[in-house]
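Engineer: Sequence:
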Amino acid sequence: MNKKIKKYIIILSKFINYHNYRYYILNKPKISNYEFDNKFNLLIKLENKYNYFYKYSPTKKLNNNLFLKKFKIIKHIYKMYSIKNVYNKEEFLKWKNNIDKKINKKNDYICELKYDGIAISIIYKYGKLNNAITRGDGIYGNIVINNILYIKNIPKYIKKIKNIKFFDIKGEIVFSNKNFIIINNYQKKNGEKLFSNPRSAVNGIIHNNKKNNIYIKKKLDFIPYYIYTNNNNYNIKINNQFKTIKFLEYLYFNFKKKSYKLCKNNKEIINYINYWEKNKYNSLYPIDGIVIKLNNFNIKNKLKYNNIFHKWCIAYKFKDKNFITKIIKIYFYIGKTGIIVPVVYFKSIIINGTNIKKASLYNSNIFNKYKLSFNDKIIIKKSGNIIPKIVKNLNYKKKIKNYKYINFPLYCPSCNNFLKKKNKIYYCNNNEKCKKQIIEKIKHFLSKEAMNIKINKNIINKLFLYKKLNNLSDLFFLKKKDFKKIKITDNEINRILNEINLSKKNKKFYNILFSLCIPNIGKYISKKINKKYKNFNTLLNDIKNKKIKYNNFGKKNIYNIKKFFKKKKNILILKKLKKIGLNI
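In the working numbering, the protein residues as written are 1 to 584.
It cannot be assumed that every hint is accurate.
Claimed, not checked - List time: in silico DSSO-like cross-link candidates among lysine-lysine, alpha-carbon distance up to 27 Å:
hint, residue 1, residue 2
1, K467, K487
2, K258, K170
3, K336, K579
4, K165, K79
5, K170, K257
6, K441, K508
7, K508, K484
8, K392, K357
9, K567, K421
10, K170, K84
11, K504, K467
12, K457, K576
13, K534, K567
14, K267, K319
15, K457, K319
16, K6, K562
17, K578, K424
18, K562, K544
Please keep in mind that the hints were generated in silico from the structure rather than gathered at the bench. Remember, it's a predicted structure, so these values are computed and weren't measured experimentally.
Make a model of the complete structure from these sequences and hints.
Structural biologist: Next comes the structure, spelled out in structure tokens:
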């Protein structure tokens with residue numbers, strides 16, 4: 001087999017595994033479902049054509065290593081499969097015709113709304129709620145029973161199934177669009193970070209054991225869609241999906257009007273899809289498509305499964321809807337490492353319950369492609385219902401002769417230093433004098449995974465402006481008098497000073513390493529280094545004496561740490577942090 005093809009299959013497999021991780025664990029997807037599915041389908045074609053499979057191929061498992069260590073892991077008694085996606089009527093009809101051919105007859109299908117939440121397995125034993133397990137990789141999941149006890153429509157006891165030994169209800173944990181707005185207002189009121197979208201909110205709450213989240217947990221809902229049981233009487237009587245839903249309604253699980261429909265032919269299915277494609281934003285819950293299932297279980301069981309997908313059902317995914325809005329301003333954001341990111345602010349629009357008012361364009365090539373200017377009308381879509389993305393500039397072609405668009409800057413907007421370019425990315429290398437970079441470094445230093453000190457961004461900016469906060473170590477020498485020019489209450493000043501003092505205690509080495517803004521040294525690498533090294537002395541000594549194993553932490557990462565501590569300024573900051581009692 002051609003080496004280039006083999007290499008491409010490996011790269012493609014790693015790409016998909018990475019985006020699986022971002023979607024399921026980090027809840028920070030970078031690409032849309034459509035882009036992901038195209039890559040996934042391409043990988044399947046290449047693997048089958050060349051009969052070569054990478055050892056960690058995502059086509060052989062649902063997902064790899066998708067568990068959070070703070071939760072116990074358990075094996076599902078009934079595996080939780082994924083559902084294959086299609087994005088147009090032709091693909092759907094092709095799938096359905098293949099099913100009908102295999103079983104030599106026309107069949108009933110049931111259409112159900114595809115909710116954008118977190119899949120879960122709720123288990124009852126003799127009618128009593130026994131466990132709740134996230135999907136995980138479909139074979140194993142995390143036990144989250146303590147976090148679903150507050151969900152009002154998950155009964156603790158169901159009298160009607162008290163004689164059934166084991167009852168496994170598969171379903172989706174979701175926030176209604178209304179409750180998503182309520183909980184984000186609650187987060188804002190309490191000074192907490194806002195959730196970016198309803199699915200992200202569900203994932204964050206289900207995987208959070210903090211007791212102060214009870215109010216939010218009570219706003220969650222559970223929508224069931226399937227039942228597994230070892231009770232033969234039930235399995236004989238409830239022999240199709242329509243009867244399953246009716247039985248779930250009999251058990252007091254509530255199904256909203258038009259949330260499912262039994263269809264006899266293609267026309268009825270297409271009509272149902274068309275209705276919800278037009279009305280998806282009128283749904284009580286966030287939806288991103290329609291799941292079409294073969295109704296009859298006896299026929300369904302003959303089709304079985306492959307490693308990842310059910311063969312008897314498919315998900316028709318709605319295309320990302322485009323919205324027209326107007327540019328208000330364009331800002332070139334300077335990150336803590338000096339990277340310049342263009343951010344386009346536009347007249348706010350609400351997409352699927354989320355207020356969208358800005359989009360990042362990542363690099364100069366993407367920015368220059370759209371030829372943007374103030375007051376331009378642009379088309380925005382929320383890619384995969386998550387990431388705001390500029391699709392088109394409607395004004396550019398109309399005014400192409402005398403159109404004046406904004407160029408990507410050649411000089412740093414903060415310090416006027418000439419920008420350098422590397423791999424399509426512009427950055428300011430005036431790290432020690434660029435005001436914006438210093439402020440961003442301080443903000444990062446205070447962040448939750450670093451020193452975890454809550455100070456309003458405006459207060460940080462003013463402290464820097466009045467030269468009370470020039471670098472990371474200055475923070476620990478702040479006094480009450482330093483806040484004089486800033487209009488905040490004595491209570492707020494005392495709270496800030498108290499948080500600063502508390503942050504000195506019990507901070508782990510990885511928190512401090514991560515807080516220093518060393519290029520490429522993120523949370524993961526910091527924690528990995530912390531497993532072997534407990535302070536900077538041992539780490540820097542091993543680097544100096546070439547005792548460190550580069551393959552453990554990456555040669556580039558160790559080089560960046562070495563380079564960081566070659567600067568006298570950084571060594572001085574470290575010494576000051578050690579003086580005040582940090583684990584240096």
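Engineer: Against each hint, give a clear statement of whether it holds in the structure.
Structural biologist: Against the structure, the hints come out as follows:
Under the criterion of a C-alpha separation no larger than 27 Å, the hint pairing K467 with K487 is consistent with the structure, at around 16 Å. Between K258 and K170 the CA atoms are separated by roughly 20 Å; this keeps the pair inside 27 Å, and the hint holds. Of the pairs offered as hints, the one joining K336 and K579 holds, with about 25 Å between alpha carbons and a cut-off of 27 Å not exceeded. With a C-alpha separation of about 19 Å, the suggested pair K165 and K79 falls inside the 27 Å cut-off, and the hint holds.
Between K170 and K257 the CA atoms are separated by roughly 20 Å; this keeps the pair inside 27 Å, and the hint holds. For the hint linking K441 to K508, the alpha-carbon distance of about 19 Å falls within 27 Å, and the restraint holds. A hinted pair counts as satisfied when its Cα atoms are at most 27 Å apart, and K508 with K484 does not qualify at roughly 33 Å. A distance of roughly 16 Å separates the Cα atoms of K392 and K357; the hinted pair therefore holds under the 27 Å criterion.
Straight-line distance between C-alpha atoms of K567 and K421 comes to about 23 Å, which keeps the hinted pair within the 27 Å bound. Only pairs whose Cα atoms come within 27 Å are accepted, and K170 paired with K84 is accepted, the gap being roughly 17 Å. The straight-line distance between the Cα atoms of K504 and K467 is roughly 23 Å, inside the 27 Å bound, and the hint therefore holds. Using a Cα cut-off of 27 Å, the hinted pair K457 and K576 holds, with the two alpha carbons roughly 24 Å apart.
With a CA separation close to 22 Å, the supplied pair K534 and K567 stays within the 27 Å bound. In summary, the hint linking K267 to K319 is supported, as the alpha carbons are separated by about 20 Å, within the 27 Å threshold. Restraint check for K457 and K319: the C-alpha separation of about 37 Å exceeds 27 Å, so the hint is violated. A threshold of 27 Å between alpha carbons decides the hint, and for K6 with K562 the separation of about 36 Å lies outside it, so the pair is violated.
Pair hint K578 plus K424 does not hold up; C-alpha atoms about 39 Å apart against a cutoff of 27 Å. Restraint check for K562 and K544: satisfied, since their Cα atoms lie roughly 8 Å apart, inside the 27 Å limit.
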